[in-house]
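Asks: Here's the letter readout for the chains.
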Amino acid sequence: MNSIVFLVVIPLIAAFLSLFLGNLNKITMYIVTLFNLIFSISVFMSGKIPFNVAIGGWKAPFGINFVVTDITIYFLLLVNIAALMSITMVKDIKEYQFYSFYFVLLAATNGMVLTGDMFNFYLFTELSTFAIAGLVAYKRDRLSTGAALKFLILSSTASLFSLSSIGLIYKTLGTLNFADIALKLTKLNQASYNLILILFLASMLVELKIFPFNLWVVKSYEGSITSVNMFTHGMLGTAGIYGAIRILLIVFPNMYNTNISKVLVILSVFTVLIGEIGALKEKNLVKVLAFSSMAQMGIFMFGIALGSFESIKGSLYIVVSNYLAKLVMFIVTKQYSRAVDSKNYIDMKGLGRKYPILAISFTIAALSLMGMPFFAGFWGKFSIVISALSLDRLSTLGIAIILIASVIEGVYYLRISHTFFVEKDVNSVNISRVYSIIPFALALLILVVGIYPNSIEQMLFNVIDEIKNAPNKYINIILSLK
Amino acid sequence: MTKIFILSSLSLVFVGLYGVLTRKNIVKILIALNIIETGINMLLVAFGYVEGGITPILQSDLSIANLDKMVDPVPQALVLTSIVIGLGTTAFALSLAMRYKDTHNSISIRATDEEGVNV
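Line by line, the protein sequences give chains V and U.
Position 48, counted from 1, in the first sequence is what full-length UniProt numbering calls 48; the numbers after and before it change by one each time, with no gaps.
Position 101, counted from 1, in the second sequence is what full-length UniProt numbering calls 101; the numbers after and before it change by one each time, with no gaps.
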């Protein structure tokens, strides 16, 4: 399966070509995204997973390699599906900069998921950062320029720290390959281990929107167009989650013996609190979604930081539910705000009565994020609560705060849903009913996962299994050990 | 010798970090970012340095005999890549700074504060 590199190469070629294609760019965008999606589906169906591709024929610890395992292919599908859904929101013809940055983002997020090399991961992270900053700045007004510049400064400072941690890894272990690092990690003393992990976390927490590093989130969401919001959420966010799972759980699995996991627990609880309280007093629907996505990432990180397999399973449910729900909410927000020409949800009164499918999809997504039973988010919070209560006092306190914060989340989301259904004359408003199809399908998917969790249980089991048996399922495949 | 390199590179990193954290002028922040980056590049090169080492090029049988005296070429390759990345960041950020000047009529990073995002 050497052709897996096409997932990165073809978008990069398209990024160059988009400078010259002019009006053909929109068609190219669909073709390339569909190619990536169909290619990853065909890899998923081929039954050859897991496999390892050594680029240029240089065997694993010496050259750069792309790895496809169960975790990789699931996240690859998530990234490419999010890409396809986001570009359906691009209505008018944009200038070439938009398409060029989009293709770079597509290549970078696919590369982040595929790569098995630390330095390569850093490069793709940087590349996706550029692309997002460029896409945020595309609107060219005051707000988006400031947001893009702040995001660029914050994330490039953080990524310089991760570069120094890569240098330290090379100095101490003499390798940059994920699997080789994981194999040799026992030779590292505690102090260097902590230093490397802290430096590397600095860059990862920026993309995961965890508390001291998340000051860019609200402005970038507010300053950019809807499709860019969906790129940030569905592509960059998902690839960041993949990085957290791969690096924290498989490459550096000893994190739970140190205090770093406790620090992560505290940071994620703060993230949840700040996100929910910030969203409570916002009237701008896009800002509400930005704060809420911060809070969801906090819950995800809380589950990862607890470290039991039950809580990791909960985190994966949170990832699925947040991924689906936010896509629904962004699409609904786009349609409603375009109809009334305002992003303030108070102005959207009565739209739920005229276009009930959109409003019902929004409500289903909101209930899922809150963690109501029969919706996908319930199983995530359920697993995290169970495992947090069986652990030490800190995590019990943390889960108590998170549950209180979920009540706050319920308050503002249900307030928004209620506003949609308030009676008001909206005859002048016109939304094509075609746009209801995607959000409604996604909302149905949330319900299916919530009522019948066995539908994705097997996939989550595969992910957990790969984390549990990392030596057999990941390291030996790459280094071809027996 | 290696210690001098590591110490000087770390001091460059902290000088740059101070600049990023305290300056308000965007151009000064970007210069400070470049200083951090230079420091980290120097750190990487220092990690591959060997006392009295020779260039890592295999040209004759004699040089194969001296493999253990060669400096490590991998950090140098990493540094080359990261220099290119740094160039890209700086160019892109400076072009954004130009547009920032147009839209805000100022190059102070505080100029965005008045938009009322209370984070």
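It should be emphasised that the hints constitute simulated quantities derived from the structure, not laboratory data.
For glycine and all other residues, C-beta sits at the position ideal for the given N, C-alpha and C.
Among the hints, a few may not be true.
Facing chain U, according to a computed beta carbon distance under 7 Å, are these residues of chain V, among others [what the hints assert, rightly or not]: (1) Phe119; (2) Ala148; (3) Thr157; (4) Leu160.
Asks: Each hint should be assessed against the structure and marked as holding or not.
Replies: Cross-check of the supplied hints:
Residue-level restraint check for Phe119(V) holds (minimum Cβ-Cβ distance to chain U is 6 Å; threshold 7 Å). Hint status for Ala148(V): holds, given a least beta-carbon distance of 6 Å to chain U, under 7 Å. Checking Thr157(V) against chain U: minimum C-beta separation of about 6 Å stays under 7 Å; hint holds. Evaluation of the Leu160(V) hint against chain U yields a held restraint, the C-beta minimum of about 5 Å falling below 7 Å.
The structure is consistent with each of the numbered hints, conforming to all of them.
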